[in-house]
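Could you put together the complete structure from these sequences and hints?
Throughout the sequence shown, residue numbering follows UniProt numbering, covering 1 to 178 in sequence.
None of these hints come from the bench; they were simulated from the model.
Using 27 Å as the maximum straight-line C-alpha spacing, the simulated DSSO-like pairs for lysine-lysine come out as follows:
| id | residue 1 | residue 2 |
| --- | --- | --- |
| 1 | K153 | K28 |
| 2 | K28 | K96 |
| 3 | K96 | K134 |
| 4 | K153 | K106 |
| 5 | K134 | K43 |
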Amino acid sequence: MPQFKPSRLNVSNPFLNWQPFPWEGRRKALLIGISYQLHVSTKYPELIGPPKDVRKIRKLLMDQYSFRDDQIVMMTDDDPTMLTTDLWPTRENIVKQIQVLVKGAKANDFFIFHYSGHCGQQEATDDLNEVDGKDEVLIGCDFLGLVDDDIHKELVSPLPRRSRLTVRSSSRSLSRRD
1 MPQFKPSRLN VSNPFLNWQP FPWEGRRKAL LIGISYQLHV STKYPELIGP
51 PKDVRKIRKL LMDQYSFRDD QIVMMTDDDP TMLTTDLWPT RENIVKQIQV
101 LVKGAKANDF FIFHYSGHCG QQEATDDLNE VDGKDEVLIG CDFLGLVDDD
151 IHKELVSPLP RRSRLTVRSS SRSLSRRD
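As structure tokens, this is what we get:
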């Protein structure tokens, strides 16, 4: 069996010769990082990294990809002053912010959705397209889940042809098929 060695592969790093986004439309990002530090749960322990992840991604988008501050929405649960706002990452608020993200989407618009927090699975009851019979679920800071089918309905379905969406999750529970 042939062995592949990195030195023999002709692989280029796309970030070395980075060029600005070629899209003519709007750019918008929704970055969610949930630490669960202000809530108590034995099932979902506190996470240290997610709010830090979101801040680093925001900085990357602004410094390297020319996003403006007003094109990025951050939802984190490590700042108690945000507790009573629509940016506190409960299930309901995450759905609202997804709807705001894609509202009025047009061809050539570019969207980024990043989630860093707990994920899980539950029995799929409304669809038969799950190979393993389970839906993947994002867990809000209120411990209410947002099912992958609902994410698709709110985030993907409203997008017109020729718009772009990048979805990034730091959880192993999400599947690209969903």
